[in-house]
Amino acid sequence: MLDTTQTLLTERTMSKDIKISAKGVDVFYGDTHAIKNVDLEIENKAVTAFIGPSGCGKSTFLRCINRMNDTIDICRVTGDILLEGQDIYAKSVDPVQLRARVGMVFQKPNPFPKSIYDNVAYGPTIHGLAKNKAELDEIVEQSLRRAAIWDEVKDRLHQPGTGLSGGQQQRLCIGRAIATAPEVLLMDEPCSALDPIATAQVEELIDDLRQNYTVVIVTHSMQQAARVSQKTAFFHLGNVVEYGDTNKIFTNPEDSRTESYITGRIG
Amino acid sequence: MQTLTFFAIIALALAFFVIGRSRAVAVVRGDVRLLHSRPNFHGTLAMLVSAICGIAVLVVVGSLWAAWLERDLMAAILNADPNLSAIEAELVLSDARAIASGGIASKTDPLREGIAAQVVSKDAWLKWGTIALSMLFAIAGGIWALRSIAPDWRARNRSETIIRRILMLTAAIAVLTTVGIVLSLIFETINFFNNIDWQVHKFLFGTTWSPLSGVQAGKLDPDKVGAVPLFAGTLMITVIAMLVAVPIGLLSAVYLSDFASPRVRAWAKPMLELLAGIPTVVYGFFAAITLAPFIRNSGEAIGLTIASESALAAGIVMGIMIIPFISSLSDDVINAVPQSLRDGSYGLGATKAETIRQVVLPAALPGIVSAVLLGVSRAVGETMIVVMAAGQGANLTANPLEAVTTVTVQIVMLITGDTEASTAAGPAFTLGFTLFCVTLLMNIAAQRVVRKYRELYD
Numbered sequence: 001m002l003d004t005t006q007t008l009l010t011e012r013t014m015s016k017d018i019k020i021s022a023k024g025v026d027v028f029y030g031d032t033h034a035i036k037n038v039d040l041e042i043e044n045k046a047v048t049a050f051i052g053p054s055g056c057g058k059s060t061f062l063r064c065i066n067r068m069n070d071t072i073d074i075c076r077v078t079g080d081i082l083l084e085g086q087d088i089y090a091k092s093v094d095p096v097q098l099r100a101r102v103g104m105v106f107q108k109p110n111p112f113p114k115s116i117y118d119n120v121a122y123g124p125t126i127h128g129l130a131k132n133k134a135e136l137d138e139i140v141e142q143s144l145r146r147a148a149i150w151d152e153v154k155d156r157l158h159q160p161g162t163g164l165s166g167g168q169q170q171r172l173c174i175g176r177a178i179a180t181a182p183e184v185l186l187m188d189e190p191c192s193a194l195d196p197i198a199t200a201q202v203e204e205l206i207d208d209l210r211q212n213y214t215v216v217i218v219t220h221s222m223q224q225a226a227r228v229s230q231k232t233a234f235f236h237l238g239n240v241v242e243y244g245d246t247n248k249i250f251t252n253p254e255d256s257r258t259e260s261y262i263t264g265r266i267g
Numbered sequence: 268m269q270t271l272t273f274f275a276i277i278a279l280a281l282a283f284f285v286i287g288r289s290r291a292v293a294v295v296r297g298d299v300r301l302l303h304s305r306p307n308f309h310g311t312l313a314m315l316v317s318a319i320c321g322i323a324v325l326v327v328v329g330s331l332w333a334a335w336l337e338r339d340l341m342a343a344i345l346n347a348d349p350n351l352s353a354i355e356a357e358l359v360l361s362d363a364r365a366i367a368s369g370g371i372a373s374k375t376d377p378l379r380e381g382i383a384a385q386v387v388s389k390d391a392w393l394k395w396g397t398i399a400l401s402m403l404f405a406i407a408g409g410i411w412a413l414r415s416i417a418p419d420w421r422a423r424n425r426s427e428t429i430i431r432r433i434l435m436l437t438a439a440i441a442v443l444t445t446v447g448i449v450l451s452l453i454f455e456t457i458n459f460f461n462n463i464d465w466q467v468h469k470f471l472f473g474t475t476w477s478p479l480s481g482v483q484a485g486k487l488d489p490d491k492v493g494a495v496p497l498f499a500g501t502l503m504i505t506v507i508a509m510l511v512a513v514p515i516g517l518l519s520a521v522y523l524s525d526f527a528s529p530r531v532r533a534w535a536k537p538m539l540e541l542l543a544g545i546p547t548v549v550y551g552f553f554a555a556i557t558l559a560p561f562i563r564n565s566g567e568a569i570g571l572t573i574a575s576e577s578a579l580a581a582g583i584v585m586g587i588m589i590i591p592f593i594s595s596l597s598d599d600v601i602n603a604v605p606q607s608l609r610d611g612s613y614g615l616g617a618t619k620a621e622t623i624r625q626v627v628l629p630a631a632l633p634g635i636v637s638a639v640l641l642g643v644s645r646a647v648g649e650t651m652i653v654v655m656a657a658g659q660g661a662n663l664t665a666n667p668l669e670a671v672t673t674v675t676v677q678i679v680m681l682i683t684g685d686t687e688a689s690t691a692a693g694p695a696f697t698l699g700f701t702l703f704c705v706t707l708l709m710n711i712a713a714q715r716v717v718r719k720y721r722e723l724y725d
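Here the protein sequences line up with chains X and V, keeping their order.
Residue numbering for the first sequence is 1 to 267, as defined by the working numbering.
Residue numbering for the second sequence is 268 to 725, as defined by the working numbering.
Bound conformation, chain X alone (with noise of 0.2 Å):
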């Protein structure tokens, strides 16, 4: 009786805790099957990690989770991914607004050749989320706060997001993600163009970011991973191995192939 009482309990703190939820997710590039059968499922304000050797489907994966791959001709995704109990690949949902509650930063810092407020005022001005001029300035100003920049360009907001350093344009990105109020920020590999030191702002500031939103990361770095996230996924061709608390992955993983991936063994 009480196991059982228990077990409900945990379902339901479960059950309200999970953000996204994956079920027998395919992906297919043309031929070749990227992803096979996944499933997952994403904690709510909580740092979620996806590690793996290169081409094991990390990317992939988490680019179905905005439907990014929606913009690539010979991709094919089955099998369901839910948003708060919303299947995203329904057709009543539209990717252009799904896109505004799951944003996205990506491997290379892609500013727009545009100002630095003009790249973080860009999506709240699409999603009219400002109803005037100083709605917006407050934005801008809290998005670049909450990505950490605020105080290194508080004073050349009107000069070129492509003129600042690799990190902060890095940073300059996620503020920009931030600003359109997502519930979801996924990140893809979004360190690998830094130095140390970047890097270190960066994940600083991703624990920061999980007081308010849902992260998943995807990361080469198995430091990195271990650092900044609670839950990990172990990607290997295409399956998901293993996915647990980030402390049990990393000190006492189940599956072999695990081990030898984070040992240094396979990858």
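Warning: the hint list may mix true and false statements.
To be verified - With the C-beta cut set under 7 Å, the calculated list includes, among others, these residues of chain X facing chain V:
no.	residue
1	Thr32
2	Lys36
3	Gly85
4	Ala90
5	Arg99
6	Gly123
7	Tyr243
To be verified - Here are some of the chain V residues that sit facing chain X, going by a computed Cβ distance under 7 Å:
no.	residue
8	Ala603
9	Ser607
10	Leu608
Claimed, not checked - Dumping the calculated PhoX-like pairs for lysine-lysine here, alpha-carbon to alpha-carbon at most 25 Å:
no.	chain 1	residue 1	chain 2	residue 2
11	V	Lys719	X	Lys108
12	X	Lys131	V	Lys619
13	X	Lys23	X	Lys108
14	V	Lys536	V	Lys619
15	X	Lys108	V	Lys619
16	V	Lys619	X	Lys114
These are calculated hints, taken from the structure and not from any lab test.
Each residue gets a CB set at the ideal place from its N, CA and C atoms; glycine is no exception.
Chain X is already provided as a structure; the job is to place chain V on it using the hints.
For chain V alone, kept in the frame of chain X given last:
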């Protein structure tokens, strides 16, 4: 005959290449490592030296000898008949040449026959002498190079120096040609302004263009060389052309780069570029025969009087001609906008239209601007279409339905007309110089913009 000699020298030089190469191998008894330069370089040096000696002699001696011969013959003519003026003597000489080669002369008389006989004998001397001399020098040069072959002979450095000089020479030819053309434009422009007593403002701001109607004793009437109607006509047709070409070209570029499926793109882009391959004379008669009557008839249907040659017809067809320039160049720059920028925009929940309008086009704008400027300089310099479809009368009008004329059309009229070249050349060259300045400025502006674009990106 000269061409044949030229090829003979080339053949000789190739032979020297083979001999030089094998001689280099023989000098070190097959152990090529002992050579400073590899055998091929020894061969190349022998070939280059031989060819340069032969061709230089062929050109220099040939032309000097011909000039000397000409002077000699002229002296002979004047000797025989001291009463002839220089121009008459030249006529006699060309008649004699015609007789000598069996052609038709303006008339035959003992003087011409005699000179013709001299031409025959001296020309033969000239011909065979040049051939013999140039072959001789080619062989001498080749042999000198062969004799120099030794293990430490720096054939590679020497042949590379020669090749570098040849490359420099070819580049210099292109540059000097440009300089020459510009100088001749400038001198003729100065002559023209001299002719109108330096009343430059009458050319730049005058509104009556009829330069040949006011000629008196080789002197132009400054009041009839006002080029404003031509500038206005050029401007109007260019504006009409760009109004057609820019929207169509740009929108088709956007379609091709961001909306068309790869299959559509694969055939649509070459088709569009095919437009650029149509000779402008074809566009010209399309404008004159098809479009202009169509415009006139549709105008009549709604009660408008439209000239059968109109700025509108010429401008529209010119615009069609320029579409592929704009679309193709814009397509390239739009494609060059990194996919990461598009992804970034899509990732923020922007639609395709928003992404293109607010991210892709601004990023590609400098490139698009330079494409448009290139299109404008094409339009300004275009001749054939306007000659056939825009008219020749220098009307100063703001009505695109009337006939206008352009700078290029007037140059054609002046040069192909039957006025004496020395009179017509002045205004024609001056117009050409003005046109050159305008297109030059435009191209410089386009390049500036492109450079700025590069700075923005990297």
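- Task: Could you tell me which of the numbered hints above are not met by this structure, giving the numbers in increasing order?
- Result: Of the numbered hints given earlier, those the structure breaks are 1, 2, 3, 4, 7, 8, 13, listed in rising order.
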